[in-house]
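Chains as they are written, first to last, in my numbering: chain A, 8 to 284; chain B, 70 to 242.
For the record, the hints were derived by calculation from the structure and aren't laboratory data.
To give an idea of the chain A side of the interface with chain B (calculated C-beta under 7 Å), a few residues:
id, residue
1, Leu-24
2, Phe-25
3, Leu-28
4, Cys-32
5, Leu-35
6, Val-36
7, Phe-39
8, Asn-40
9, Gln-43
Ideal Cβ positions, reconstructed from N, Cα and C, are used throughout, including at glycine.
Listed below are the residues making up each chain.
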Amino acid sequence: MFNNLFGRFFKYGGILLFLFLESICFYLVIRFNEKQNGIYIASVNKLSAFFDQAYDRWTNLLQLPELLDSLAGENAKIRESLANEAVQKRVKIDSVFNKKTSDRYQFIEAKVINNSINKQRNYIVLDRGRRQGIQPHSAVINKDGVVGIVRSVSDSYAVVMSLLHRQTRISASIRNKGYFGSLLWDGVDVRRFDLEDIPRHAAVMVGDSVQTSGYSAIFPEGIPIGTVEKVSHEPGSNSHSIKVLLNYDLSNLNYVYVIINMDKEEQKKLEREVQDE
Amino acid sequence: MSSIFFTNAVRFFILVAFQGLVLRNIGAEWESFPFVNIIIYPLFIFLLPFNTPRPLEIILGFLLGLSIDAFYNSMGVHASATVFLAFMRPMVLGMLEPRAGYNVNWSPTWRRMGTVWFVKYICLMLPLHLFFYFAVEAFTPVYFLLILKKTFFSFILSVVVIFMVHLIIKPID
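Could you put the whole structure together from the sequences, leaning on the hints where they help?
Here is the structure:
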């Protein structure tokens, strides 16, 4: 046992002693030689700066999802205040209103957790639901334009009828021209839509921008949809048949905003009263 | 046994004194041509007896280096090179081992091992020491080419001096 230990020391002792004395030497070199000391300190600084940077980058990377969430929330707030501002501007300045009742839209940010584009009836699932204040028949947009309409909500999830759903109809208008019609999906191409009911006498040009009209009590006015790609006429029809090219890609959704119109019930009730007459 | 110990002790002091008092000054002021470095003190490690225990070799290398550093006022720079050299010596000896093996009572001297073997031995050992020494002296890989140049020129000068010394003193052990 002892012999074994002794023999082992002789076998590896050389290397251990070498490493031990060599580290003493390098300590002495760094401690007592000005030039080597300077190089050593500079190198250590460089190395630690490198590690600090790498660590920083790594922790930043880990915080990225939270950062994205908080940014999406912030965006929702900004869009909300922009939309409400637009509503307020239309109210006369001398009329008295308090801030609370004048806020018409509430924006809620949500993350897309499921999406499909390859069926005739496509749905999107969001990770926000009733508990976060989402109601059925709310508008869903993303940073580029219209995404769909909330179909049903559970406590913490919401199912959205995508624009790519044969039954989704959105009231759309030609920007700066005022004519409006309904936007439907043709069921073939994920970027091409039909805009119906634009009267024949309207001067619609290829390249005109198409946006939401704001008439449906679901979408605020002016959310972009796409551009006019082709204008043709069915024989005997009184309206244009317009092809609209979507400006963005519905197959690549990440964060979306759900728009709650808080005056919707009021508007609908009022409209019903007139129809009942 | 005691005579070998005595011989090596004397060799240690003479080499340290010669290196530290005489050879250190040669070329020291030639700032524009920093390639004149005559370094022969590793001869002490070259000529240690074959049967020196390895830990003792390394410790002796450390002491030799520190003594030289005291003259050069470069704490640890020479010592790191000599410790490295003492660590590498058994491997170099293993590379050069004749078919019959070494006589463990001898030392690897010119007269014991013959000219060819001794020249090979010096040409392997001395560059190891010089390269390590100049590398630690520069302490940065930036001047790698300069380190190689210094090693080369210093090797030529030092080899000449080592053989000149051998023409005067011809040690057997």
